[in-house]
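Throw the hints in and build the complete structure from the sequences for me.
Position in the sequence shown counted from 1, then plus 1, gives you the working numbering.
Keep in mind the hints are simulated off the structure, nothing from the lab.
One or more hints might be untrue.
Unchecked claim - Okay, derived cross-link-like pairs now, DSS-like style, lysine-lysine, Cα gap no bigger than 27 Å in a straight line: (1) LYS13 with LYS31; (2) LYS79 with LYS89; (3) LYS202 with LYS180; (4) LYS79 with LYS91; (5) LYS180 with LYS84; (6) LYS202 with LYS91; (7) LYS202 with LYS99; (8) LYS180 with LYS91; (9) LYS99 with LYS180; (10) LYS13 with LYS33; (11) LYS180 with LYS89; (12) LYS13 with LYS26; (13) LYS89 with LYS99; (14) LYS84 with LYS99.
As the list claims (entries may be wrong) - Pairwise CB distance ranges (calculated): (15) PHE203 with VAL163: 13 to 21 Å; (16) LEU151 with ARG105: 23 to 31 Å; (17) PHE122 with ASP185: 35 to 43 Å; (18) PHE203 with PHE144: 23 to 31 Å; (19) GLU87 with PHE154: 32 to 40 Å.
A virtual CB, placed ideally from N, CA and C, is assigned to each residue, including glycine.
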Amino acid sequence: MRITCPHCGFSKDLGDRQLPAATVKVSCPKCKETFRLQRPDDEDNALKPELAQQADAAGQTATAAPVQEQAEAPVLNKMQLHKQEELKRKVAAAALPKAGFWMRVVASLIDGAILLALQTFLGFALATAGMMSSGGGQESGLFLMSLVELFTFALSCAYYIVFTGHGGQTPGKMVLRIKVIRCDGTDISYGRAALREVPAKFLS
Numbered sequence: 002m003r004i005t006c007p008h009c010g011f012s013k014d015l016g017d018r019q020l021p022a023a024t025v026k027v028s029c030p031k032c033k034e035t036f037r038l039q040r041p042d043d044e045d046n047a048l049k050p051e052l053a054q055q056a057d058a059a060g061q062t063a064t065a066a067p068v069q070e071q072a073e074a075p076v077l078n079k080m081q082l083h084k085q086e087e088l089k090r091k092v093a094a095a096a097l098p099k100a101g102f103w104m105r106v107v108a109s110l111i112d113g114a115i116l117l118a119l120q121t122f123l124g125f126a127l128a129t130a131g132m133m134s135s136g137g138g139q140e141s142g143l144f145l146m147s148l149v150e151l152f153t154f155a156l157s158c159a160y161y162i163v164f165t166g167h168g169g170q171t172p173g174k175m176v177l178r179i180k181v182i183r184c185d186g187t188d189i190s191y192g193r194a195a196l197r198e199v200p201a202k203f204l205s
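What follows is the structure, encoded as structure tokens:
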């Protein structure tokens, strides 16, 4: 170990056996001034408490900072992520191929044929059951006709609303591989399907 005098700068190498076991005062052979001589182990032990205090203070600061940041920005981060995901879905939905006019016509014809068959069969069954229970008569016949017409209209609305709201596809759209989706790419709900298939179609 090299010992250096803090007063005159004189230095000398000493072996480990020549070093004192504890901190002592020594005099410089050149300038005769005294100074404290300390073993390296003692220096490390003296520095350890100070370094431990510094590490504890740094650890407390590091653990306190994320808590403050998490308390300030979690809601903002969730909103930003939600907006980014919604934007990605809209871009992906806009890039999907759109069904052409004639594909929609063919799908409508298929749905119309299926619905007509259901209305005819179920309407005839309802009319037959009504005639057998009422026993005939002009008034009962008019009432039965109105009931059948109301039933066929309700059946038509239910056909399009249920199929479109469930998976965005009626049987005709399934055949043509057409699907109704929202602008952000998500599936259409039953409420939106009802608005689309009943009032919106009549208005359009």
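For this session: Just tell me: holds or violated, for the beta carbon distance of PHE203 and PHE144 against 23 to 31 Å?
Result: holds, 26 Å
Problem set entry | Pair hint outcome, LYS202 versus LYS91 [Cα-Cα no greater than 27 Å] | holds, 24 Å
For this session: Can you let me know if the beta-carbon spacing of LEU151 and ARG105 is within 23 to 31 Å?
Result: holds, 28 Å
Exercise. Is it true that the CA of LYS202 sits at most 27 Å from the CA of LYS99?
Worked result: holds, 19 Å
Exercise. CA of LYS13 to CA of LYS26, is that 27 Å or under?
Worked result: It holds: about 16 Å lies between the C-alpha atoms, which stays within 27 Å.
Problem set entry | Hint check for PHE154 and GLU87 - Cβ pair distance inside 32 to 40 Å | Hint holds: Cβ distance 37 Å, inside 32 to 40 Å.
For this session: Please work out if LYS99 and LYS180 have their alpha carbons no farther apart than 27 Å.
Result: holds, 10 Å
Exercise. Is the gap between the beta carbons of PHE122 and ASP185 within 35 to 43 Å?
Worked result: Holds - the Cβ-Cβ distance for PHE122 and ASP185, about 39 Å, lies within 35 to 43 Å.
Exercise. Does LYS33 lie within 27 Å of LYS13 when you go C-alpha to C-alpha?
Worked result: holds, 14 Å
Exercise. Does LYS99 lie within 27 Å of LYS89 when you go C-alpha to C-alpha?
Worked result: holds, 18 Å
Exercise. Quick one, are LYS180 and LYS89 close enough, alpha carbons at most 27 Å?
Worked result: Cα-Cα ~19 Å, so holds.
For this session: With a cut-off of 27 Å on the C-alpha distance, tell me whether LYS79 and LYS91 pass.
Result: With Cα atoms ~18 Å apart, LYS79 and LYS91 stay inside 27 Å; holds.
Checked against the numbered hints above, the structure breaks none of them.
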